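Asks: Take these sequences, add in the hints, and give me the full structure.
Chains as they are written, first to last, in UniProt numbering: chain A, 1 to 292; chain B, 1 to 292.
One or more of the hints may lead you astray.
[To be verified] No farther apart than 30 Å at their CA atoms in a straight line, the calculated lysine-lysine pairs in the DSS-like style are these:
{"hint": "1", "chain 1": "A", "residue 1": "Lys7", "chain 2": "A", "residue 2": "Lys102"}
{"hint": "2", "chain 1": "A", "residue 1": "Lys28", "chain 2": "B", "residue 2": "Lys243"}
{"hint": "3", "chain 1": "A", "residue 1": "Lys44", "chain 2": "A", "residue 2": "Lys102"}
{"hint": "4", "chain 1": "A", "residue 1": "Lys243", "chain 2": "A", "residue 2": "Lys102"}
{"hint": "5", "chain 1": "B", "residue 1": "Lys267", "chain 2": "B", "residue 2": "Lys63"}
{"hint": "6", "chain 1": "A", "residue 1": "Lys233", "chain 2": "A", "residue 2": "Lys7"}
{"hint": "7", "chain 1": "A", "residue 1": "Lys243", "chain 2": "B", "residue 2": "Lys28"}
{"hint": "8", "chain 1": "B", "residue 1": "Lys233", "chain 2": "B", "residue 2": "Lys243"}
{"hint": "9", "chain 1": "A", "residue 1": "Lys44", "chain 2": "A", "residue 2": "Lys233"}
{"hint": "10", "chain 1": "B", "residue 1": "Lys44", "chain 2": "B", "residue 2": "Lys267"}
{"hint": "11", "chain 1": "B", "residue 1": "Lys102", "chain 2": "A", "residue 2": "Lys102"}
{"hint": "12", "chain 1": "A", "residue 1": "Lys102", "chain 2": "B", "residue 2": "Lys243"}
{"hint": "13", "chain 1": "A", "residue 1": "Lys267", "chain 2": "A", "residue 2": "Lys44"}
{"hint": "14", "chain 1": "B", "residue 1": "Lys102", "chain 2": "A", "residue 2": "Lys243"}
{"hint": "15", "chain 1": "B", "residue 1": "Lys233", "chain 2": "B", "residue 2": "Lys102"}
Rather than coming from a laboratory, the hints here were simulated on the basis of the structure.
Note that the structure is predicted; figures quoted are calculated from it, not measured.
There are 2 protein chains.
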Amino acid sequence: MRAQVFKEELQRYATLIEDFLNTLPWQKNVLAESMRYSLAGGGKRIRPVLALAAAEMNGGDPKKVLPSAAALELIHTYSLIHDDLPAMDDDDYRRGRLSNHKVFGEGTAILAGDALLTYAFELLSLPADVAPELQVRVLREVAEAAGPRGMVYGQVLDLEGEGTSLSLAEIERIHRHKTGAMLMVSARLGGILAGSDELRLAALTEYAGALGLAFQIKDDILDVEGESEILGKPVGSDQKRGKATYPSLLGLAGARAHLQSQVDQAKASLRLFGQRGEFLRDLADFIAERRR
Amino acid sequence: MRAQVFKEELQRYATLIEDFLNTLPWQKNVLAESMRYSLAGGGKRIRPVLALAAAEMNGGDPKKVLPSAAALELIHTYSLIHDDLPAMDDDDYRRGRLSNHKVFGEGTAILAGDALLTYAFELLSLPADVAPELQVRVLREVAEAAGPRGMVYGQVLDLEGEGTSLSLAEIERIHRHKTGAMLMVSARLGGILAGSDELRLAALTEYAGALGLAFQIKDDILDVEGESEILGKPVGSDQKRGKATYPSLLGLAGARAHLQSQVDQAKASLRLFGQRGEFLRDLADFIAERRR
Chain A
1 MRAQVFKEEL
11 QRYATLIEDF
21 LNTLPWQKNV
31 LAESMRYSLA
41 GGGKRIRPVL
51 ALAAAEMNGG
61 DPKKVLPSAA
71 ALELIHTYSL
81 IHDDLPAMDD
91 DDYRRGRLSN
101 HKVFGEGTAI
111 LAGDALLTYA
121 FELLSLPADV
131 APELQVRVLR
141 EVAEAAGPRG
151 MVYGQVLDLE
161 GEGTSLSLAE
171 IERIHRHKTG
181 AMLMVSARLG
191 GILAGSDELR
201 LAALTEYAGA
211 LGLAFQIKDD
221 ILDVEGESEI
231 LGKPVGSDQK
241 RGKATYPSLL
251 GLAGARAHLQ
261 SQVDQAKASL
271 RLFGQRGEFL
281 RDLADFIAER
291 RR
Chain B
1 MRAQVFKEEL
11 QRYATLIEDF
21 LNTLPWQKNV
31 LAESMRYSLA
41 GGGKRIRPVL
51 ALAAAEMNGG
61 DPKKVLPSAA
71 ALELIHTYSL
81 IHDDLPAMDD
91 DDYRRGRLSN
101 HKVFGEGTAI
111 LAGDALLTYA
121 FELLSLPADV
131 APELQVRVLR
141 EVAEAAGPRG
151 MVYGQVLDLE
161 GEGTSLSLAE
171 IERIHRHKTG
181 AMLMVSARLG
191 GILAGSDELR
201 LAALTEYAGA
211 LGLAFQIKDD
221 ILDVEGESEI
231 LGKPVGSDQK
241 RGKATYPSLL
251 GLAGARAHLQ
261 SQVDQAKASL
271 RLFGQRGEFL
281 RDLADFIAER
291 RR
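Replies: Structure, rendered in structure tokens:
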């Protein structure tokens, strides 16, 4: 029953996001085609979902937050396109499809990433039914989270860490920058635009931070015990590359325990939302139990 | 005498910009090092100069506009780093120094570009002594000018045009997107933040558009008749690459006449600023007469 309610909520948010992304005024050229190819890659839309849910939990209308929430997905997509480039992780596939540069060439892939990042800031600054000082605050927080002290720095740390044996603290440092910062700002964005107070923003931030680590731990676990047909990518690739992961450092049981502790922490941080926190609590379980 | 006044004004603006760029809270890591390497490349700082001058012409304090004006230089620098990559124009040198990826490697160069672009939006959204709705407007206009309908699209057109014989109209279409959009928004930014009315903004936009074309025409002329030691790059490279340029389409005399007409148009557009337009009028002459 409750699982059914969660699924319907998730579907409602996802539909809002897909519809918004599809009705953007896309031009008819190879750049827009390349941007849309990667945007349509079938991700879980976790970032905009977090934003919409956080807005609704704070009494806001998720529809009003849509352009800003969608911007988060554009930034995420740009980061994946650039990460996959030969000069970076050199991945030919992403979620079971050819990566952007394998389809459109490296030059266009770099530009599609640049364009998605820039267009995200255009969406964040569109005229909106919200106090302009809140809009500026969101713009600043998103830029901080995505930039040289946030996500981009995480990718630098990741590149530098390749082939070296990282400790748990070092891995978590990478995750906190590379994915954590954007997840936290996603939840904050929804809260800020809905007029949340600082206490609730802090709770949302703590939630999203724990959710982010749970997501990464689960990713590592799936690479050990997942099924490649469901995952849409081969399993065992971390071990093959000698990559330090939660299972390689903590063992599989230890990684599962660590995952559960992050899920518990995520849920606990939502106490002050009471019943309204139900969707995000279920989302934490969903992330931990997913099979892909 | 007047030339001396112009040079002192230009120097005053340039010093403000260099000082601001140098005192940003740069971190001590390879990413920041790579960003700063290209920022320090000795460009003319035309974009922030336009912004500061436009602010002052509208009665604003150039110092208050500095973070936003500097953001324009960050965006320009990111575009140069990405343009130079092997997958794009594949240039080993930029202004007589090794290009970013030749010093730091392709992966770090891509990330340095990403970081500069994102950090620019952070600077644009820093708390400022300006109405937040004006700040949001500037953010939106800059994102539009830099994004998939502006500068990035210009680079796509440029890549597509390589090796084909372009007409004058096609060349100007590339320039309008690739450099014109950002120059226009640079002048507008200064005007908007200083509270300019729409008439003055339109005049500044027309000025910057003509200045941008003048700049490109002069670039093409210098590639024919410039001196490589002064330019800091070899001359004749356009012809060697079979690139369509103003001199190749109009002849050298035709290109010079076209340049002068853009300079005249730029100056004429500043009529309503009277005496206050003197610096920007001189800047148009400076662009047309420069030897590098």
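Asks: Output the numbers, in ascending order, of every earlier hint that fails for this structure.
Replies: Violated hint (a single one): 1; every other hint is consistent with the structure.
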